[in-house]
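Asker: Model the full structure from these sequences, guided by the hints.
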Amino acid sequence: MTERPDDLVRAVEATLFAAEAPMTAEAISTHLGGADVKPALHELVAHYSGRGIAVVERGGRWHFQTAADLAHLLRREREESRRLSRAATETLAIIAYHEPVSRAEIEAIRGVQTAKGTLDVLLEAGWVRVAGRREVPGRPVIFATTPEFLAHFGLSSRKDLPGLDELKAAGLLDPVDDALEEMMTAAEKSVEASGDTSADFGPDSLESEDESA
Amino acid sequence: MTERPDDLVRAVEATLFAAEAPMTAEAISTHLGGADVKPALHELVAHYSGRGIAVVERGGRWHFQTAADLAHLLRREREESRRLSRAATETLAIIAYHEPVSRAEIEAIRGVQTAKGTLDVLLEAGWVRVAGRREVPGRPVIFATTPEFLAHFGLSSRKDLPGLDELKAAGLLDPVDDALEEMMTAAEKSVEASGDTSADFGPDSLESEDESA
Amino acid sequence: MNQDLIANEETVASEDWAGPASAPSENEALYLELDGWEGPLDLLLDLARRQKVDLRRISILSLVDQYLTYIERAEALRLELAADYLVMAAWLAYLKSSLMLPREVQEEPSAEELAMRLQLRLQRLAAMRDAAARLMGRDRLGRDVFLRGAPEGLKVDRKNRWQSEWFDLVQAYGQVKARTAPVVHMVRDRMVMTLDSALSRVSSMLGVTLDWMELREFLPPHADPRLRKSALASSFVAALELARMGKAELAQDEVFGPLRLRRAAA
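Protein chains in written order, with the working numbering: chain A, 1 to 213; chain B, 1001 to 1213; chain C, 2001 to 2266.
It is possible that some hints are incorrect.
What the hints assert, rightly or not - EDC-like cross-link-like pairs, simulated, lysine to aspartate or glutamate; straight-line CA separation at most 20 Å:
| hint | chain 1 | residue 1 | chain 2 | residue 2 |
| --- | --- | --- | --- | --- |
| 1 | B | K1159 | C | D2168 |
| 2 | C | K2177 | B | E1148 |
| 3 | A | K38 | A | D69 |
Unchecked claim - Below, a sample of chain B positions facing chain C; criterion: calculated Cβ distance under 10 Å:
| hint | residue |
| --- | --- |
| 4 | D1006 |
| 5 | F1017 |
| 6 | H1063 |
| 7 | T1066 |
| 8 | D1069 |
| 9 | E1079 |
| 10 | E1080 |
| 11 | T1089 |
| 12 | I1094 |
| 13 | I1142 |
| 14 | L1155 |
Don't read these hints as lab results, they were simulated from the structure. Cβ atoms here follow ideal geometry from the backbone N, Cα and C, with glycine treated the same way.
Answerer: Shown next, in the form of structure tokens:
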């Protein structure tokens, strides 16, 4: 029906298809005796585009999966993937968008202590890992996401995190202290530029100041 | 790249891919709300013909599998270079010098028991073979070297192995203990020589150290 | 007291994570469901969202009022409030009064800065909450998209390629032979003083004097050093033997001190 692909493409296709877990291009290459498999992988991505299954890259690892638009057909009665608590989903999002991040930093954003089990759930799911320690007093453990996290949520890399660019641009991923300092500096500058408006700076002016921010 | 298949074909493709066991056409149909899936299955067979994976029917059940001619990819051998342990080297040497020998004889010469794995390694390496049984009570298995052994060590025959006289001349027959003792003595002497100076280290002692050195 | 009403970090509210924020809300008709909040910041965020304006344009003063009203009503109903909600209420009351004060009277940090800080925190929490919702709404592996149900699996059989060198082999054999070769110990001929001759020499010398004599004085003079060692050992044993027979007395003043002996008084 279609043209027969070349032998390397066939070999990469078969290897990836038979693999029990996502594979890096290096692992595929090693398995196939050192061939350069990247072009073959891209050819496969193109070939499967629009079909019922797809070749995708998630965090540097490749795998076959069913097409996303067929979810309604495939979602089985089988137990829906474990429901995460609100605390866990928020914590996961904070780790993903801020990584690497310490527990204290997570708590600073959420405004509550993190229960022991919340991080455990994420670690157990394999979505989060300990990524070392921060070299500050107390050397707190810092957390980051894993390739499994990317695979589970269908992200090629962290750059694909929904809204990441907008959040960055809006400064919403910066610590409160940094943002505050920046705002103060900006406010001072605008005050200087616009002359002496500070004489009548009261509670009501908060809103107007926010507008300028 | 290829034309987008119709939705039913895509659905069958994805269903078959995600299935944990081969499915009958009826089961697939039931899963997909009663559609006639036979034409879709045949279209898939045609589409995958010549690719790295294939859609096949076995006893009325359908499944995906790796293309038959690529089955070798599923099971690969990887060679790892490993150094022979000291026990294995000694055992091999004894077999080479005394062949054919039984395990008991090897142990008598080595003066220690031979672990089961040691001879297995030599058999696996292809350097030693079972050369029959000795016609004594118990009929123990006897071992001898192989042509691969000669090839690996660059010997044209066992006669190329140096004789005891040559080993002695090369110092290889010196008891290990003597060699060790000699080393220890040398080490002690150097310690003594340097020990003197450390106790009373002054300009004078420097000269005396020079003398002794 | 109804323990369920205590907002206790996040052990509660895990079931309904869509949370009260999405519940129908009449602006003023606050319902008292503290177990639905994940701490005071969460409650504040929900109240802020009810203002239905961009979080950056939120009125901190009205937010503070709403929060304080909320807490007052909870207290009126004698609901047990977790400490952190009360701490936040106290802090917000302070913030409110500071915001009312003329600016010149304010201390550092200014009320505006505190208000802004709260606003920034709310924005950040809101951003992460939205991000979490978007993340959870993606096509997730095992829920929306699936891996192959029954992969054949890739197996790698390890095969060892054994390495050894000619020299290792020969050296190993040499060491085996050296280790197990029979060893003959040769004892060199050396000059000794027998116990018998020591016994006769010591007893005859004891007969000459009544004074204490040191053991060394009984040794043959100008002896070869190796003979001297043997003579010392033999003479010592001879002295012990004579003492045992009651023919001599032994004395030693200190450990390792000189050993003296003399003829026993008859």
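Asker: Sort out which numbered hints this structure fails and list those numbers smallest first.
Answerer: Hints 2, 3, 4, 8, 13 are the ones this structure does not satisfy, whereas the remaining hints hold.
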